[in-house]
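Number of protein chains: 2
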Amino acid sequence: MSFGKIAVDWEERINLDRMRRERVERAKTACKKHGLEAALLLHNDNVRYVGGGDGVHMWHGVSGYRYALFFTEGETVLYEAGMRKNYMERALPWCKVEYAIPIMPYLATSTPEGVYEKQLEKFANQIKASLKEHKLSKEVLGIDTNSPAVINALKKVGIETSLKCSKAMMEARKIKTKDEVECLRMAAGIAEAIFSEFKKVIKPGVTEMQLRAIATYTAYMAGADWASAPDINSGPHTSQGMTIQCSDRAIRPGDLIAAALCNISYNGYKTCYYRTFSCGRPTEAQKDAYKKALDLLYSAINAIKPGATTKDIAEKWPRAQDMGSAKRPNEDAAVLMQWGHGIGLGLYETPVISRIWSLDFPEKLEPGMTIALETLWPTEEKSYEYPYGQAVRIEEMLHVTETGVEILSKWPVDEITVCEI
Amino acid sequence: MSFGKIAVDWEERINLDRMRRERVERAKTACKKHGLEAALLLHNDNVRYVGGGDGVHMWHGVSGYRYALFFTEGETVLYEAGMRKNYMERALPWCKVEYAIPIMPYLATSTPEGVYEKQLEKFANQIKASLKEHKLSKEVLGIDTNSPAVINALKKVGIETSLKCSKAMMEARKIKTKDEVECLRMAAGIAEAIFSEFKKVIKPGVTEMQLRAIATYTAYMAGADWASAPDINSGPHTSQGMTIQCSDRAIRPGDLIAAALCNISYNGYKTCYYRTFSCGRPTEAQKDAYKKALDLLYSAINAIKPGATTKDIAEKWPRAQDMGSAKRPNEDAAVLMQWGHGIGLGLYETPVISRIWSLDFPEKLEPGMTIALETLWPTEEKSYEYPYGQAVRIEEMLHVTETGVEILSKWPVDEITVCEI
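Residue numbers (my numbering), protein chains in the order written: chain A, 1 to 421; chain B, 1 to 421.
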């Protein structure tokens, strides 16, 4: 693989039915391991993992429009915003679908005193009734979100909750099934269509925002189900890192352009995939910075093998104080500069790799994990246009295998992508 | 107004300096009213309101990469992710900028036991030191996010917190300054560029996702600083509401297309602006549904005048049980169907209007509020293609004035926008 994206009867592509069944099995095993028979899932990624259906993108994380009760024995109950319920019953025949009680977090601050409390009371009674129906009213209910308001509302109706559920869901999700890995491969392929457009259109006068326009257009035309907002940093906006999301700054000859394609999503699975472009031929200093960032990236990738830990990766990266002119006083102040994270339905899944904690809290790398590793290095070439210099940013998406590593991202990485002027 | 978006010396456009100063004044007044001398702001919208600088879009709400200490007397301290600090010092000269301690919420579940606690401990000590420096170490610290982990970490170092800060910030933000209203006008104008493209390109075979591609492209080219992901529902996806975000469904003759342009952002200010299109000439049933949705929308708008309340609006809307074939068993199950909300830096600000609570908890409408009102009505015309029928969706953005209301949204609303085939 990878084959095409359209459903066809003449070639097995991503087997979505198998993917759904295997995800549910993984979630059941993880909940049982933590002694949970029922789990209240409020986080969109967890709801999608066990139930499917797309969430509401504008509310990442916990929307309060939809939630699910997941049982180690029995069918998942999906609670959906009223407008969506009828449709969801047809769309997701593997769930029981009920009307959600809206408990959107913003109600707590943008409505009068009493509104949020009243909503939570109705919600807690709804959950209580469902647990009773499942003969689980005396069990501890797993919950994946540390919301004091929700937890207290459940407590008031006699439901004891356990936050172990968050960890259980992360544990389930950290190992990807074959089809999940294929979804990530598809997402990476969409990002490559964007890089290919960038190589064509980057030239003096093009703005960062125009590149973002082209990026989201290309992503949706190539089959992304969400393209969020790619970050494009050019010239001084790359000063020792990525400083902004995107702006109307026009690119000039001599600029580096760091293109960060996060959250380009295929069937819910996200990219985190960066490349650096140059407007015109790069200088020796720019090439040197690139070589250093590449060395940091591949020394980390080469450290991945069965039995290795996140510490083995983090040790390949320099101390915050030793990053040339991009140096920082301590590791906290160098967050994201050399960085790694699990990737799947969520942009950040287990393991999250940083010198801030991975040296002291190592985690074992396991076959089936999918990880994105990102590195950065400054150019050291300063001027009036670039008072802090520029920086190079690269990231690869990879799949830990039984014997080592498969790189999911295929855009040429050996040197800066040059956009001739 | 509105004039252009580029900074020019020959015409006063949005006065961003005045906007920033007036926002800070409003926040100071609100904090003082609630007895707060210092406020820890973790929510991106609040940080932007008092400090400026763009947040990290992929983490709505509380990112844990940046936060601010806001003082009723003294300069705001902005804590920024390391990579951004140097740049932010130059970009935001009205703030003192420090390195943030990363306390990203996902650390709680996707890192080993102990990591999140250690990060929060460093963070709490940093905040404590700053309060001491400002001679406020004995005061109650306002906080805008009900995070038990953060609140406990602060408590451990002796800082007592008050969640009144959330309300105070919402109160400050609910009345918009002249320049904020102009930002919303600009955002509405960008959405109109998208509707104009839709009118041209909607025809049989075009997919919802292709419309989304065109929408984000058009928004960024027209000056949006974020275009999230417009929701496009066509044909059966509009069954009695909006059921999905967007898909690869191809549009067919006879379809209604509900285009929901939320979160198209200009200088941080968001749209919530919906229109309905038809692929070919609409049927009488479609026109009837549109007329009903329009009546609901404008009877609500006409109820807005000084002294009116959110109850006066909600009363214009039908009971959940009385919405034709889109009827719902109760008001919770009809959430969003007839709906209103304040709009500004946040998509949902004060007041949030719904029959779920506004009849029992009325709020006074005030000059300077900016509100989006959205209505929905089903067509009642069912078939094999549309087993639940279709639905019409319309939304206007408006500005409450001293005497009544100004409609910020200008795309023709009197009938379905017809896309000839």
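Since the hints were made in silico from the structure, they are not lab data.
Keep in mind that this is a model prediction, so the values were computed, not measured.
Heads up, the beta-carbon is just placed ideally off N, CA and C, and yes, glycines get one too.
A few of these clues could be false.
Said to hold, decoys possible - Partial list, computed: chain A residues near chain B (C-beta under 8 Å):
1) Tyr87
2) Glu89
3) Leu92
4) Trp94
5) Tyr106
6) Ala108
7) Val206
8) Gly241
9) Glu349
10) Thr350
11) Leu359
12) Lys364
Claimed, not checked - Each pair of labels, with its calculated beta carbon distance range:
13) Arg13/B - Asp9/A: 55 to 61 Å
14) Glu117/B - Arg319/A: 40 to 46 Å
15) Arg18/A - Asp322/B: 43 to 49 Å
16) Glu89/A - Arg21/B: 50 to 56 Å
17) Glu89/A - Glu139/B: 33 to 39 Å
18) Gly368/B - Glu89/A: 28 to 34 Å
What the hints assert, rightly or not - Per the computed footprint, the stretches of chain B lying under chain A, defined by three or more beta-carbons under 8 Å from a beta-carbon of chain A, are:
19) 21-33
20) 403-410
Hints, one by one, checked against the model:
Hint status for Tyr87/A: holds, given a least beta-carbon distance of 4 Å to chain B, under 8 Å. Look at Glu89/A: its Cβ only gets to about 10 Å from chain B, farther than 8 Å, so that hint breaks. Taking 8 Å as the C-beta cut-off, the interface hint given for Leu92/A is violated, the closest approach to chain B being about 11 Å. Evaluation of the Trp94/A hint against chain B yields a violated restraint, the C-beta minimum of about 17 Å exceeding 8 Å.
Look at Tyr106/A: its Cβ gets to within about 5 Å of chain B, closer than 8 Å, so that hint holds up. Interface hint at Ala108/A: satisfied, since its Cβ lies 7 Å from the closest Cβ of chain B, which is below the 8 Å cut-off. Because the closest C-beta pair between Val206/A and chain B is about 12 Å apart, greater than 8 Å, the hint is violated. Using the Cβ-Cβ criterion of 8 Å, the hint placing Gly241/A at the interface with chain B is satisfied: the shortest such distance is roughly 3 Å.
The beta carbon of Glu349/A comes within 6 Å of a beta carbon in chain B, closer than 8 Å, and the hint placing it at the interface holds. Evaluation of the Thr350/A hint against chain B yields a held restraint, the C-beta minimum of about 5 Å falling below 8 Å. At about 11 Å, the closest approach between the beta carbon of Leu359/A and any beta carbon in chain B exceeds 8 Å, and the interface hint on this residue is violated. A distance limit of 8 Å between C-beta atoms decides the matter here; for Lys364/A the minimum to chain B is near 10 Å, and the interface restraint is violated.
Hint check: Arg13/B to Asp9/A, Cβ distance near 58 Å, so the stated range 55 to 61 Å holds. Hint check: Glu117/B to Arg319/A, Cβ distance near 23 Å, so the stated range 40 to 46 Å is violated. Between Arg18/A and Asp322/B the Cβ separation comes to about 45 Å, which falls inside the hinted range of 43 to 49 Å. Evaluation of the 50 to 56 Å hint for Glu89/A and Arg21/B yields a pass: the beta carbon distance comes to about 53 Å.
For the pair Glu89/A and Glu139/B, the beta carbons lie near 53 Å from each other, so the given range of 33 to 39 Å is not met. The supplied range of 28 to 34 Å is broken by Gly368/B and Glu89/A, whose beta-carbon atoms lie about 43 Å from each other. Counting residues of the segment 21-33 of chain B whose CB falls under 8 Å from any CB of chain A gives 0; the rule of at least 3 is not met. Only residues whose beta carbon comes within less than 8 Å of a beta carbon in chain A count, and the segment 403-410 of chain B has 0; fewer than three means the coverage is violated.
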